[in-house]
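These protein sequence lines are chains D and E, in that order. Just so you know, my numbering puts 31 at position 31 of the first sequence, and the rest follows in order with no gaps. Take any residue in the second sequence, count from 1 to its spot, add 1000: that is its number in my numbering.
Calculated directly from the structure, the hints in this document are not laboratory data. Check each hint, because a few of them may be wrong.
[Claimed, not checked] Computed Cβ-Cβ distance ranges for the label pairs, DEER-style:
no.: 1; chain 1: E; residue 1: 1070; chain 2: D; residue 2: 77; range: 35 to 43 Å
no.: 2; chain 1: E; residue 1: 1016; chain 2: D; residue 2: 51; range: 27 to 35 Å
no.: 3; chain 1: E; residue 1: 1018; chain 2: D; residue 2: 57; range: 34 to 42 Å
no.: 4; chain 1: D; residue 1: 62; chain 2: E; residue 2: 1063; range: 21 to 29 Å
no.: 5; chain 1: D; residue 1: 18; chain 2: E; residue 2: 1019; range: 43 to 51 Å
no.: 6; chain 1: D; residue 1: 102; chain 2: E; residue 2: 1040; range: 19 to 27 Å
no.: 7; chain 1: E; residue 1: 1070; chain 2: D; residue 2: 110; range: 30 to 38 Å
no.: 8; chain 1: D; residue 1: 62; chain 2: E; residue 2: 1074; range: 24 to 32 Å
no.: 9; chain 1: E; residue 1: 1042; chain 2: D; residue 2: 13; range: 20 to 28 Å
no.: 10; chain 1: D; residue 1: 22; chain 2: E; residue 2: 1001; range: 38 to 46 Å
no.: 11; chain 1: E; residue 1: 1019; chain 2: D; residue 2: 63; range: 26 to 34 Å
no.: 12; chain 1: E; residue 1: 1022; chain 2: D; residue 2: 40; range: 34 to 42 Å
no.: 13; chain 1: D; residue 1: 12; chain 2: E; residue 2: 1059; range: 17 to 25 Å
no.: 14; chain 1: D; residue 1: 18; chain 2: E; residue 2: 1059; range: 38 to 46 Å
[Unchecked claim] Some chain D residues well away from chain E (every beta-carbon gap over 12 Å; in silico):
no.: 15; residue: 57
no.: 16; residue: 67
no.: 17; residue: 86
no.: 18; residue: 110
[Said to hold, decoys possible] Some chain D residues judged to face chain E by a derived CB distance under 7 Å, without partners named:
no.: 19; residue: 38
no.: 20; residue: 41
no.: 21; residue: 42
no.: 22; residue: 43
no.: 23; residue: 45
no.: 24; residue: 62
no.: 25; residue: 90
no.: 26; residue: 102
no.: 27; residue: 105
no.: 28; residue: 107
no.: 29; residue: 108
We put the beta carbon where it would ideally sit given N, CA and C, even for glycine.
Residue-level listing of the chains:
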Amino acid sequence: ETGVTQSPTHLIKTRGQQVTLRCSSQSGHNTVSWYQQALGQGPQFIFQYYREEENGRGNFPPRFSGLQFPNYSSELNVNALELDDSALYLCASSENRGINEKLFFGSGTQLSVL
Amino acid sequence: EDQVTQSPEALRLQEGESSSLNCSYTVSGLRGLFWYRQDPGKGPEFLFTLYSAGEEKEKERLKATLTKKESFLHITAPKPEDSATYLCAVQASGGGADGLTFGKGTHLIIQP
């Protein structure tokens, strides 16, 4: 059974650029959620995808967008990067939409915006 | 707005010294309260889900309890490998986004 994998592990961008982060969900899981974790903070919910459609969204602007593919892998896209976007971005998969018991997290992508 | 407050922010214990971590929450309707463990450079790892006041769950040296306003994570006779950040999160009922609302965590250090 493979776990949740994210790529890249680290990324450095400059303000105003665009970035794409990738996530492969755990085998058998059809729901993917993305979280942003700033230094010293708990993870903050960005959005969730279920069967290729956005299923819920936290308090993040539209420049944060995502995709889920037929194999349930996912992408997080962030446009017009700002300095405050520097954070650890976590992907989590689960077996079912709406039932967040046992979210399985990847190790994250550390994004630095200069 | 759902809120989760964890205390203390950091805790240093000697090996074998038992203690408790606190998670206070306000939520419109509780679907579940979750405890996760996060090691440096890793994503959170699931520990427990609690659904209703009075519920308790145990795993090795950890025991989680739930009341209507707070949850406790009790650590009995901890070992150095229990050192980590412990995160509490809630999921609200009533539709809408199904994301978890996390606290800032308690950074626990167990000294040999």
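Cβ distance range 38 to 46 Å for residue 18 of chain D and residue 1059 of chain E, holds or violated: Holds, since residue 18 of chain D and residue 1059 of chain E (Cβ atoms, about 42 Å apart) stay within the stated range.
Interface hint status, residue 42 of chain D versus chain E (Cβ within 7 Å): Nearest chain E Cβ about 3 Å off; hint holds.
Closest C-beta approach of residue 45 of chain D to chain E relative to 7 Å, hint status: Because about 3 Å separates residue 45 of chain D from the closest Cβ in chain E, which is inside the 7 Å limit, the hint holds.
Supplied distance hint 30 to 38 Å, evaluated on CB atoms of residue 1070 of chain E and residue 110 of chain D: holds, 32 Å
Per-residue hint verdict: residue 62 of chain D, partner chain E, C-beta under 7 Å: violated, 15 Å
Cβ distance range 21 to 29 Å for residue 62 of chain D and residue 1063 of chain E, holds or violated: violated, 43 Å
Non-interface claim for residue 57 of chain D, where every Cβ of chain E lies beyond 12 Å: Given a closest Cβ separation of 6 Å, the condition is violated.
Interface hint outcome for residue 102 of chain D [beta carbon to chain E under 7 Å]: This hint holds: residue 102 of chain D lies near chain E, its Cβ roughly 5 Å from the closest one there, short of 7 Å.
Satisfaction of the hinted span 19 to 27 Å by the C-beta atoms belonging to residue 102 of chain D and residue 1040 of chain E: holds, 22 Å
C-beta pair residue 1018 of chain E, residue 57 of chain D: status relative to the range 34 to 42 Å that was hinted: holds, 41 Å
Status of the given 38 to 46 Å range, CB of residue 1001 of chain E versus CB of residue 22 of chain D: violated, 31 Å
Cβ distance range 17 to 25 Å for residue 12 of chain D and residue 1059 of chain E, holds or violated: The hint (17 to 25 Å, Cβ to Cβ) is violated, given that residue 12 of chain D and residue 1059 of chain E are roughly 38 Å apart.
Comparing the model with each numbered hint stated earlier shows that hints 2, 4, 8, 10, 11, 12, 13, 15, 18, 19 and 24 do not hold.
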